[in-house]
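Let's have the full structure, built from the sequences with the hints guiding it.
Protein sequences appear in the order of chains C and F. This note's numbering applies: residue 1 is where the first sequence begins, and numbers increase by one. This note's numbering applies: residue 1001 is where the second sequence begins, and numbers increase by one.
There may be inaccurate statements among the hints.
List of simulated lysine to aspartate or glutamate pairs, EDC-like, C-alpha gap at most 20 Å [to be verified]:
hint, chain 1, residue 1, chain 2, residue 2
1, C, Lys313, F, Asp1314
2, C, Lys313, C, Glu334
3, C, Lys343, F, Asp1284
Just so you know, these hints were derived from the structure itself, not from any lab.
Protein chains: 2
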Amino acid sequence: MKSDAILTDLYELTMAAGYFEHGIQPRATFELFIRSLPPQRGFALACGLESALDFLENLRFTEAEIGFLRRLPAFQNISAAFFESLGQLRFTGDVMAVPEGTVVFAREPLLEITGPIAEAQIVETYLLSVVNFETLVATKAARVVRAAGGKDVFEFGTRRAQGPEAGVRAARAAYVGGCAATSNVLAGSLYGVPLAGTAAHSWTQAFSSERESFEALLDSFPNTGILLLDTYDPLNAAAIVGRLKRKVPGVRLDSGDLASESRSVRQILDRAGHAETRIVASGDLNEYRVRDLVAAGAPIDAFGVGTELATSKDAPALSVVYKLVEMEGNGKVEFKAKLSPHKAYPPGRKQVFRICGNGDYERDVIGLARESYPGAIPLLQPAMRHGQRLGRRPTLQEIQGRAAESLSHLPPEYQSLELAAHYPVEESRMLRELTDEVRESVLRKEP
Amino acid sequence: MKSDAILTDLYELTMAAGYFEHGIQPRATFELFIRSLPPQRGFALACGLESALDFLENLRFTEAEIGFLRRLPAFQNISAAFFESLGQLRFTGDVMAVPEGTVVFAREPLLEITGPIAEAQIVETYLLSVVNFETLVATKAARVVRAAGGKDVFEFGTRRAQGPEAGVRAARAAYVGGCAATSNVLAGSLYGVPLAGTAAHSWTQAFSSERESFEALLDSFPNTGILLLDTYDPLNAAAIVGRLKRKVPGVRLDSGDLASESRSVRQILDRAGHAETRIVASGDLNEYRVRDLVAAGAPIDAFGVGTELATSKDAPALSVVYKLVEMEGNGKVEFKAKLSPHKAYPPGRKQVFRICGNGDYERDVIGLARESYPGAIPLLQPAMRHGQRLGRRPTLQEIQGRAAESLSHLPPEYQSLELAAHYPVEESRMLRELTDEVRESVLRKEP
Chain C
1 MKSDAILTDL YELTMAAGYF EHGIQPRATF ELFIRSLPPQ RGFALACGLE SALDFLENLR
61 FTEAEIGFLR RLPAFQNISA AFFESLGQLR FTGDVMAVPE GTVVFAREPL LEITGPIAEA
121 QIVETYLLSV VNFETLVATK AARVVRAAGG KDVFEFGTRR AQGPEAGVRA ARAAYVGGCA
181 ATSNVLAGSL YGVPLAGTAA HSWTQAFSSE RESFEALLDS FPNTGILLLD TYDPLNAAAI
241 VGRLKRKVPG VRLDSGDLAS ESRSVRQILD RAGHAETRIV ASGDLNEYRV RDLVAAGAPI
301 DAFGVGTELA TSKDAPALSV VYKLVEMEGN GKVEFKAKLS PHKAYPPGRK QVFRICGNGD
361 YERDVIGLAR ESYPGAIPLL QPAMRHGQRL GRRPTLQEIQ GRAAESLSHL PPEYQSLELA
421 AHYPVEESRM LRELTDEVRE SVLRKEP
Chain F
1001 MKSDAILTDL YELTMAAGYF EHGIQPRATF ELFIRSLPPQ RGFALACGLE SALDFLENLR
1061 FTEAEIGFLR RLPAFQNISA AFFESLGQLR FTGDVMAVPE GTVVFAREPL LEITGPIAEA
1121 QIVETYLLSV VNFETLVATK AARVVRAAGG KDVFEFGTRR AQGPEAGVRA ARAAYVGGCA
1181 ATSNVLAGSL YGVPLAGTAA HSWTQAFSSE RESFEALLDS FPNTGILLLD TYDPLNAAAI
1241 VGRLKRKVPG VRLDSGDLAS ESRSVRQILD RAGHAETRIV ASGDLNEYRV RDLVAAGAPI
1301 DAFGVGTELA TSKDAPALSV VYKLVEMEGN GKVEFKAKLS PHKAYPPGRK QVFRICGNGD
1361 YERDVIGLAR ESYPGAIPLL QPAMRHGQRL GRRPTLQEIQ GRAAESLSHL PPEYQSLELA
1421 AHYPVEESRM LRELTDEVRE SVLRKEP
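Printed below as a string of structure tokens:
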């Protein structure tokens, strides 16, 4: 998968061709937002902006890609001039965006793209996909980390991710959401996510006894080795660990009743003088099971969470959409809105105004960009101008810090695992009035 | 994401280092299987083998990757010789595999890797991830396609996939499962999946009237243009289409009550002389909604299925695992088994024997590779020897054909959307006896 330019839906390219053929080249503004949050989610943690900006900065079509498109039956009536223009196409537009690690809600624009309509259209599919998935996992991670109540959470999900590349994206997003580390080495290398790992059952099996396998692991990894206890019988394995006359950094339980087994293992280790040995638990964990283990007082020091985190298993997609809200041509601005009954979205370039009281988030108002709410935090910030990134790229640690900060201002009732209350988000009067105007003008034209 | 070698879990590399440091370099056999099928699935359609073989053929660590690993704290006690060996590492092993597009069940090995233990270990994470996700989507697609009862199904999910790369993988796997086309252009270019597309709401909005937008689309795409009806009001839009004095290849409905709206639209189009115009329906479809629309006799010619298909939303991961079953060193074979209570898996190299009656699949027997069941189909076939692919690469069309053929032999009770019966899969007596022997020998060593 070498190219990202044609990693898009066919209709983005047919529309771009159609605009070109009809000389329709206005500047257009599209907004990307989550239509509604999954039933189990009280908030989302914005993520995916850096992937989106990287994509926009590098957008270009190779000769081979253009050759492939030319030969598609759909394009048989399209002029050579269009394909020549594709070879020159770069993203030259502007981007407003909610920074990664910000708490957001449904219908709030997370990304706003303004540029020549063909450029802004072609990028739709890729932008939706990265914001969808990375926001999904960052949000899920925030839930799991909160449930862990201060214990470390390690992201272990690549093997069950929706493809290995999704594993890399999940590892980064999970760190944004508050995870301490990932097992995904490429994510460590690309993004600086701290790495964590233990050993598999095959390690134990490769030796002629468990004791031998444990000694061997600690010989090679004296400061980081974590011994897996459940290849045969966990308590028997814990007794073998207890008899080791050396430092044992940690042990891992991967099956069975984690609450009772962690207690038995802790007791065996403590009696054997291994009070410093950490217990890591894994095996089909999610935020609910982690919460229950913490509530039960299970002596677990870190949770390894895989499948449920890397796929956001209970809600594996967000209803992200990308809608045209404004067009500017011949010096005049036209407001655009989608008005179909269940999928309507207001017109015009917007801003999200976050209103706080005593330092806590109280409510958000989605208004027009030109409105102002003194004292409110405007969430959308300039991220790119004329195709160039603005400001320096934040470190992943900074983004994780921003997420922790943002979550600390969100009252707990919106963060509970069983959703208790909906955070108030309203539309400004000016926005509602503009929506009505656009609706009336469409009805006049399409009676 | 340029490299795939370090797209793995840290523990694969620490174990490889540990094996190296202890001079443990036997040939090992690992088997990859699905521990149990999701509750809603009566079968799985194997997919991901081509991705797995591509990965194995190209496995190598770059200098930069090795440099990154060397600097990790976990590796501080590992010798320089190990890192030098990593630079030379290629996959030199053998692969047995169930061909893509074969119906398979839980606990049946889909892939069997035999090679030097470090090589076979390092590849675990990537192989699990590709087989997991591609099998998941091929299976979901087979369900949707069956529900569509002969109508075309288009895969439209990239925008909601778990990252854009997952969208590409999903597009290919959905085609294997029987979809007619995808919207993902890169999947068309890389794998030859047929492409389909329509237009977005923004196309309609970019023009000053719906009529004008429809005419413009058909000017550029006279043979393939599909007009989107629900930007404002679908029936009004259908009436506008009815008045067009030209060929209209298709229209699309993307919201509302698709059964009743498709009927009204069909009537409007037929009365206007557009009987040839196809109706495409989309909008949060899955196999159940498609089945209900077909059962209601909705005049829909093709279904566009996105999010639910590309993420296998109701079951977004398979419980794929990769287990050591055999080790061979100093001329003798040792059988290995995982024996932990809920996650046990039998030892030894296996074969899946599919027993048929009157051309239909009747039951499968998981036995040892050296067993034979005359007349049964052995599912695992040689796919790679000494790191080299065997035979030619099948075309995607051939794989899709194999899937259709395999599904045609699976009795309908195992394919119903509401799972009615479990296909019988048993373990052979020899396999059960070997499991008991290995269990007893472990118990003798670890009392």
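Now the hints, each set against the structure:
This hinted pair checks out: C/Lys313 and F/Asp1314 have alpha carbons roughly 9 Å apart, not beyond 20 Å. A distance of roughly 41 Å separates the Cα atoms of C/Lys313 and C/Glu334; the hinted pair therefore is violated under the 20 Å criterion. Taking the CA atoms of C/Lys343 and F/Asp1284, the gap is about 12 Å. The hint holds against a cut of 20 Å.
In this structure, only the earlier hint numbered 2 is contradicted, and the remaining ones agree with it.
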